[in-house]
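Grab the two chains, each in its own frame, and use the hints to assemble them into the complex.
As they're listed, the protein sequences go chains C and R. To convert, note that position 195 of the first sequence is 195 in this note's numbering; the numbers rise steadily by one, no gaps. With the second sequence counted from 1, adding 1000 to any position gets you this note's numbering.
Watch out, some of these pointers could steer you wrong.
[Unchecked claim] Among chain R residues calculated to face chain C with C-beta under 7 Å, some are: (1) F1042; (2) P1044; (3) S1065; (4) E1091; (5) Q1092.
[What the hints assert, rightly or not] Not close to chain C: a few residues of chain R, all C-beta gaps over 10 Å, as computed: (6) L1019; (7) E1056; (8) I1060; (9) I1071; (10) I1082.
[What the hints assert, rightly or not] With a Cα cut of at most 25 Å, we get these calculated PhoX-like pairs of lysine-lysine: (11) K120/C - K155/C; (12) K1088/R - K109/C; (13) K95/C - K1007/R; (14) K1037/R - K1088/R; (15) K1037/R - K1026/R; (16) K1026/R - K70/C; (17) K1037/R - K164/C; (18) K1088/R - K70/C.
Hint data in this document are derived by calculation from the structure and do not stem from the laboratory. All figures in this text were calculated on a predicted structure; none of them were measured in a lab. Yeah, the Cβ is synthetic: ideal placement off N, Cα and C, and Gly gets one too.
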Amino acid sequence: MPWDRNQMAARAAEELEDGMYVNLGIGIPTLVANYVGDKDITLQSENGMLGMGPFPFEGEEDPDLINAGKQTITELSRTSYFDSATSFGMIRGGKVAAAVLGGMEVSEKGDLANWMIPGKLVKGMGGAMDLVAGVGRVVVVMDHTNKHGDSKVLKECTLPLTGKGVVDRIITNLGVLDVTHKGLHIVECADGVTREDIINATEAKIV
Amino acid sequence: MKNFKGKEFILEEGIFADLSIVKAWKADDTGNLIFRKTARNFNPPAAMCGKICVAEVEEIVPRGSIDPDNIHLPGIYVHRLIQGEHEKRIEQRTVRKREEA
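Next comes chain R alone, as it looks inside the complex (with noise of 0.2 Å):
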């Protein structure tokens, strides 16, 4: 517990990995990555706490075919690189009528 300014709050220590393992969407062969849509979520950071991060990628491109503003996690974190081939499943499928719209 640590107190700021009167509030308490748990203080915990950051997590270190021997390994993480993250799902991405494109890399460029520098490791260099994105992610696509809500798929983002906690691959980042959980990308940056592994002393080894694998990330698997549905397409490895070129260095410099990413423009450099709009990658997510530069190569930095990112040791490993898999191309995986990817049946995208869904696990709750909701959908809404089109009379509806």
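Just chain C, with the same shape it has in the complex (with noise of 0.2 Å):
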């Protein structure tokens, strides 16, 4: 059985070590927070927050807390504000370790597509563009093929890049890929899965 978007959610929150400061993208990556159990992890909103906590209870919403997303969120003991200007500034500088986001295509070179299609309506770029430049590690979590069972993995992406050669791990429905130098290569298969079918359900290069 392929993972499900908790599972996948489970597997990239295996990612994230003690102590490190993360940038959660928009989706599925959003639900790694639920995994990341007794790990010191802080939380980085590229909108002006550091030390983002659970949604909150209903009737405690905030109308001036939200995330990256919009979505209502909550602050802890460690939280802190900023502006656009000193988040980008963390975000470009190198400070955040890792960014779990998610992808529309890859290519098997590291490109990562996850910004706009071409025709449809882009509400914006948020910060993805400069997470994939700044950060430590970045993790691109999606589902391996698209609804019409093409896969997303490629030798070259067709959409607009969000960043060239920036991803260094693919977490699918299927399993774990990582991107080196000679090609992709796989590193775990969801339960039930065999390298052969993620090798059958992708274009690019597996090596």
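Right under this line is the structure:
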């Protein structure tokens, strides 16, 4: 059985280590916060917050307290707030250890496309371009194929790029792949998924 | 494109706007601003790039009532103040259930 969204998020949480400052993207990456367990992780939100807490209890939502995906959140005892210049300063300055982001396409060279599809309405590219250029490690969590069954892990991305050669690891519903200078390397298969299943579902070269 | 220490970067000109409109939480009557939580976001940089900056605030307080150490944006960047009536809406309300806690 391929992993579901929560299993993918749980697997991504294993990438995070005690003491890390981490930025989580919108979608499945947001779920990663539910699986960090006892690890001391400080979450950064690029709209100006370090130390992001869980969703609020009903009735305790604060319109002035949201994450980059505009969801209501809470603060912790360690929380700090700052403006976008400081926020992107810490991202571009390499202070954030890792980012877990969603993806539309990833190439075998680690190129990432996750910000727009030509012809569709773009709300904004958000912080992804700065994140992939600045953080220590970039993990992309996404389905292995699109809704037509076509591989999202490609030789070359077809969509406009968010960053070139920036992805370190891809976690999909089928397993975990690392981007190496020779090509993609299968690190792990989801339960019941074989290497052959992954190779068959992948357009990119697997080494 | 500009090369810094062997890496290519895109160097862009800074933005100078004729008008910037920002939303803050509190202002004193000299235009010193305080924002609240993540609503600070890009309001300070946006305010700073405007030739004229209009700040809409929830409350205008007399000068001296904000600790100077707590001011997020000095009044030099702020040219007009509007005290608005605020119905504060939430775009994406996400909550957790009590029993999960």
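Taking the hints in turn, this is what the structure says about them:
1. F1042: Holds. Min distance 4 Å.
2. P1044: Holds, because the Cβ-Cβ distance from P1044/R to chain C comes to roughly 4 Å (cut-off 7 Å).
3. S1065: Violated, because the Cβ-Cβ distance from S1065/R to chain C comes to roughly 20 Å (cut-off 7 Å).
4. E1091: holds (5 Å)
5. Q1092: Holds: closest Cβ of chain C sits about 5 Å from Q1092/R, inside 7 Å.
6. L1019: At about 19 Å from chain C, L1019/R clears the 10 Å cut-off, so the statement holds.
7. E1056: holds (14 Å)
8. I1060: holds (18 Å)
9. I1071: holds (13 Å)
10. I1082: I1082/R clear of chain C: closest Cβ-Cβ about 18 Å, beyond 10 Å.
11. K120/C - K155/C: Satisfied, since the Cα-Cα distance of roughly 24 Å is no more than 25 Å.
12. K1088/R - K109/C: violated (45 Å)
13. K95/C - K1007/R: It holds: about 18 Å lies between the C-alpha atoms, which stays within 25 Å.
14. K1037/R - K1088/R: Given that 25 Å is the threshold and the Cα spacing comes to 14 Å, the pair holds.
15. K1037/R - K1026/R: OK: K1037/R and K1026/R at ~12 Å, within 25 Å.
16. K1026/R - K70/C: holds (22 Å)
17. K1037/R - K164/C: violated (34 Å)
18. K1088/R - K70/C: holds (14 Å)
Of the hints listed earlier, those the structure fails to meet are numbers 3, 12 and 17, in rising order.
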